[in-house]
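Start from the sequences and build out the full structure, keeping to the hints where you can.
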Amino acid sequence: MARAVLVQAVEAYRHDPTVSGWLAQQVARLDGPLRIAVAGKVKAGKSTLLNALVGEQIAPADAGECTKVVTWYRAGRQPRITLFPRQGAPVGLAVDRRDGALVIDLGGTPVDDVDHLEVDWPTPSLRVASLIDTPGIASMSTEVGKRALRFLDPEDERPTEADAVVYLMRHLHAADAEFLEAFRDQGVSQSAGVNAVAVISRADEIGGGRVDAMVSARAVARRYRTEPVLRGLAQNVVAVAGLLAETARTLRHTEFAALAALAAVPREDLESALLTADRFLRPDADIAGLAADDRARLLRRFGVFGLRLGTVLIRQGYASPAALAAELLDRSGLHDLQQALDAQFVQRRDVLKARSALLAVLRVVADAPARDGGRLAAEVERIFADAHEFAELRLLGALRSRAVTLPGELAAEAQALLGERGAAAPARLGLPADAPAAALRDAALTALDRWQRRAENPMLPRGPADACRVVVRTCEGLLATLDRVPAYGR
Amino acid sequence: MELPAPVRAVDLALSTIAPYGRPDLEARLRQTRARLLDDRIRVLIVGEFKQGKSMLVNALVSAPVCPVYDDVATAVPTVVQFAEEPVLTVVRQHDGADGPVEQRTSRADVPLPELSEAVAAHVAESHNPDNRQKLHHVEVGVPRHLLQAGLEIVDTPGVGGLNSVHGAATMSALPTADAVLLVSDASQEYTAPELEFLSRAVRLCPNVACVLTKTDLYPEWRRIAELDRGHLRTAGVDAELIAVSSQVRWQAVTTGDLDLNAESGFAELEEYLVRRVLGQADLLSRRSTVHDVLAVTDQICDSLRAERAARSDPARAQEIVRELTGAQGRAAALKERSARWQHTLNDGVTDLNADIDHDLRDRMREVTRLAEEEIDGGGDPTRTWEQLTTWVQQQVASAASANFVWATERARWLARQVSTHFDDQREAVLPALRTEASAALGAVREMKVREGESFSFGQQALTGLRGGYIGVLMFGFIGTIVGLSLLNPFSIGAGLLLGGKTISDERRRVVTRRQAEAKTVVRRYVDDVTFQVGKDSRDMLRGVQRDLRDHFTDLAEQLTRSLKESLTATERSATASKEDRVRRIAEIDTELARLETLQARVGTLLPEATPNAPRPVVAAR
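Chains as they are written, first to last, in my numbering: chain L, 0 to 489; chain E, 5 to 625.
Just so you know, the hints here were simulated from the structure itself, not pulled from any lab data. Don't take every hint at face value.
Here are some of the chain L residues that sit facing chain E, going by a computed Cβ distance under 8 angstroms [to be verified]: (1) Gly-206; (2) Leu-274; (3) Thr-275; (4) Val-303.
Derived, one-sided and incomplete: chain E residues facing chain L with beta-carbon distance under 10 angstroms [unchecked claim]: (5) Met-59; (6) Asp-75; (7) Asp-189; (8) Ser-191; (9) Glu-224; (10) Gln-421.
Where is the CB? At the ideal position from N, CA and C, for every residue including glycine.
Structure below.
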């Protein structure tokens, strides 16, 4: 449906090559991968997390503010970096890897003249979704911060280039909430928090880098999930120790060996050496016979928390690089994030992409009214109002932001059914992913029955009653998909 | 405990002047003494939340005082001060018939290691969410050497961040503080709100320092420190930056490892507190003591000297009487309401009132204007209402705090203005009193400001959200929102389905009506705040005015009285016999010598090398 409207729009704007070209891009976007932007305040660990998600060190991360331009990471046949200047033709840049990490050299182009960078990289992780690294907002060098905002919340009211956003924060600050609001406030299908996931990044630091720091971080994430401010803005909150995840996914054998050597040092000596970063780096210290710059490299890769946890794990018997990497990854919380992304973005990618595309049409019609503009806009409105997927998104948003309220546990059940925890049937019905089809069918039937009765309750005010009807339709849809799979098929 | 040197000096002076029967001068010295004994040096620990403020306080006093959690922790300000035995005092404040009434509950049965848990029951967000216990603050007394000199460390709640209503409250507490430590961890350089806070803080508080915490966790902390120093330079903020690791310090305290302590960076922080903050406060109290004692004894000396001159040379007696009469007349004029300094003060306060009020209205009007633009451009206001109200509250809080900073600065400036004026007058009356007038004012300002009486903002400040003026109005604001009917997105959805012009027209009409309603609500809120803040700053100015007037009137009164005594003595001497005269001259010499010895001794309170040390007492005569 969205495609048909887009094609009509391209046709209607044939007289204006810029607009029709741009719309044609939107059509192409429908076939392309989902676009997920990684955003957050300065030093929230955006590039590090992006590397962790990709599983390779392709986004440069370091202690100062380093991402200064919007950078796209897409799946490609071979490594290629392209610079898109504000004016003029795209320029190819040299692909240079140092010490396993990609180094991007703008080749003398001033940062202000760069519109964005595109990095094509041969990796399966990027095939489902392209990732977009953005400069930190509320950044001291305000020009950099503006660049990120311009990208994610463009002033000329164009819809953003991203379909969904992963928002990184260290704690929930006012600026974080403002940002998420800015990303949410878009047009007709304004749907609170359906396209955003919040991440407590650098989660290991919440507990001061103690070995059990992630336990605290998860508790904080749980509390944020119920925080009213955040509920309306993001679908989920997960805690991730970004650096640990990145290192775990790119663990090298030499690093494992060094870590094993550290684990062999008597416990008290090691604890004392790891009390501060400075101590560990002291040039004259003798720690497991590691040279000072080796230690510095280790610390950069693992952080104090990673080193403490890594050595403890090796002592506990994670004695091979693979076993250690798996355990570190598990503890880093990256799996939680990947699951959240899969459930909330990837499984719903078609709806999210269609939503972006339709918003694009609406904007174009509003900006440059064409002959067919009115009809196009009506068409888009009709799709937004008709398509059940959008109704679901909208209701989900309304429930989260409390624009519509259902009593007590009903709200939670409705949100699950509407696909808050994932668009797949088991997730919606609150059953394990491997539940047999018959169980799913039963659950869907009872849910349908329950919600039909609720929808018919004459005591309900109009808003909640409408909400119940949407849920009923969702249940019907669920049953329809389940019936397509033979009950004995598994 | 031995009394501090300034107090002993005042006691000595009191016993020395006792025979002269001058209760007015004695009262002044007793006031000085009481102020010295009651003096607290308050250090505010501020910063965004989760930067390690509470841990810093614990590490600083090396005792588990403030609860430390991984999640947002502190909800109520905690004041840490000296006590012989650990003691925990919970302070509630409620409105009485005349002003706020404090209700204090103390318990001294908590052993030191369990202190932080006991404190947590009151200040932790998890135990006391949204300060349901309605506490004003919590005071904790611990037996620590560092605090013995009167140091008082205030751990402020980090809830909401620096540019929230809480932040505005913290800002208004600044003038009552002797030092502010801005705590920021080494994970990242300063953010815009932090720098803005700093540049406002340096205008209100004499000592502002930046503490970079958690250096143990971040290998790159040196670079961050450099970046921060750069930001401070660019922002024109003159503040020291001290890097510390509370974790290491804590380890050092528990193991008694001196090397570790050196590594933690706390030595520098303690040094800063002792040298700069305590040192400065101590110098100030010494200076005001010396000034008060000299001023009091000078007045007695002057009348003795006048009498002596008259007795040793009866021929000049008439001339001296004439001079004294003239001086007394001028001193008496100072007491009058028509005195020039009174005019300066009254005019100044009137002007200030007008200026501050105008500034406040101007800022608030801007907020209203922006909010209205936002409402007009934003379609249906019910959708964005929550964000809009938060935004308005933030802007209003920030405007109020900016206005407050400005008002405080102007009030201080006015005080100086009046004092210089007074100074000129006094020079005409009694040249010997010329020096240290500024220190006298300094003492007044310090005392009044620190007690926080004349700055009602300061008192309310720590109340933050609850009980503070902003808090009350904020609840009022929330209350008014309920009146605004909510728009149901489903009714719009239905409208779209049905299509047609009527419905969209109807919708437009509803939106316009709601926009108007929203604008009224915002305007009313801003008006309420303007009214309340305006009243507070008028009260503050009135307090300043009263303090200054009383201070200077007292001084004038003492002067008149001293001059009158001299006059009587001189007149009496004209009729005295020769033997009487010789005897009296000898007496006067002894007394003068006694007083001068006292002045010399009190003078030693001040370090020699201070550039603006008072004149050598004897030489000036």
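The hints, checked one at a time:
no., hint, result
1, Gly-206, "holds (5 angstroms)"
2, Leu-274, "holds (6 angstroms)"
3, Thr-275, "holds (4 angstroms)"
4, Val-303, "holds (6 angstroms)"
5, Met-59, "holds (8 angstroms)"
6, Asp-75, "holds (5 angstroms)"
7, Asp-189, "holds (8 angstroms)"
8, Ser-191, "holds (6 angstroms)"
9, Glu-224, "holds (4 angstroms)"
10, Gln-421, "violated (38 angstroms)"
In summary, the structure is inconsistent with hint 10 from the numbered list given earlier, while agreeing with all the others.
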